[in-house]
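Visitor: Generate the whole structure from the sequences, applying the supplied hints.
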Amino acid sequence: MARSRRTEERALDKDELAFVEKSHHPAIKELADKDLADLIRQLRDRRDKARDVANRQRREMRGKAAPAGAKGASDNTGTKEKLAILAAALKRANKERDRRGEGAVEAA
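When we follow UniProt numbering, the leftmost residue of the sequence shown carries the number 1, and every step to the right adds one.
FYI, nobody ran anything at the bench for these hints, they're computed from the structure. Yeah, the Cβ is synthetic: ideal placement off N, Cα and C, and Gly gets one too. Check each hint, because a few of them may be wrong.
[Said to hold, decoys possible] Below, a list of computed lysine-lysine pairs in the DSS-like style, where the Cα atoms sit at most 27 Å apart: (1) K34 - K14; (2) K80 - K49; (3) K95 - K80; (4) K91 - K14; (5) K91 - K34; (6) K14 - K29; (7) K91 - K80.
[Claimed, not checked] Across the chosen pairs, the derived CB separations fall in these ranges: (8) P67 - A27: 34 to 44 Å; (9) H25 - D48: 23 to 33 Å; (10) P67 - D13: 14 to 24 Å; (11) R51 - H24: 16 to 26 Å; (12) T7 - G69: 20 to 30 Å.
Guide: Set out below in structure tokens:
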């Protein structure tokens, strides 16, 4: 399901939002290949971090892990939403990289 930019603004911090905005059309088409590779790396790092936090929070809610803070997690819907947004942005960036690779093969 498509997410609105308002939902992205609500779920992400300032740096993550900047990465996700670069993955939207038309901004992604204006990126150089090196910048696109950097964006993919940064999105992958942020997605992995969000995934790890969501998994930890889920374990805390089930009582399988000790709380990371003073109080255990009671809900992880925000973290799951962040994970989904970052995963979608990474998917868009990977698609753009693949599209550029196919264009180079066709031109040769």
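Visitor: Confirm or reject each hint.
Guide: Okay, the hints, checked on the actual structure:
no. : hint                  : verdict
1   : K34 - K14             : holds (22 Å)
2   : K80 - K49             : holds (11 Å)
3   : K95 - K80             : holds (22 Å)
4   : K91 - K14             : holds (20 Å)
5   : K91 - K34             : holds (17 Å)
6   : K14 - K29             : holds (22 Å)
7   : K91 - K80             : holds (16 Å)
8   : P67 - A27: 34 to 44 Å : holds (39 Å)
9   : H25 - D48: 23 to 33 Å : holds (25 Å)
10  : P67 - D13: 14 to 24 Å : holds (22 Å)
11  : R51 - H24: 16 to 26 Å : holds (22 Å)
12  : T7 - G69: 20 to 30 Å  : holds (26 Å)
Checked against the numbered hints above, the structure breaks none of them.
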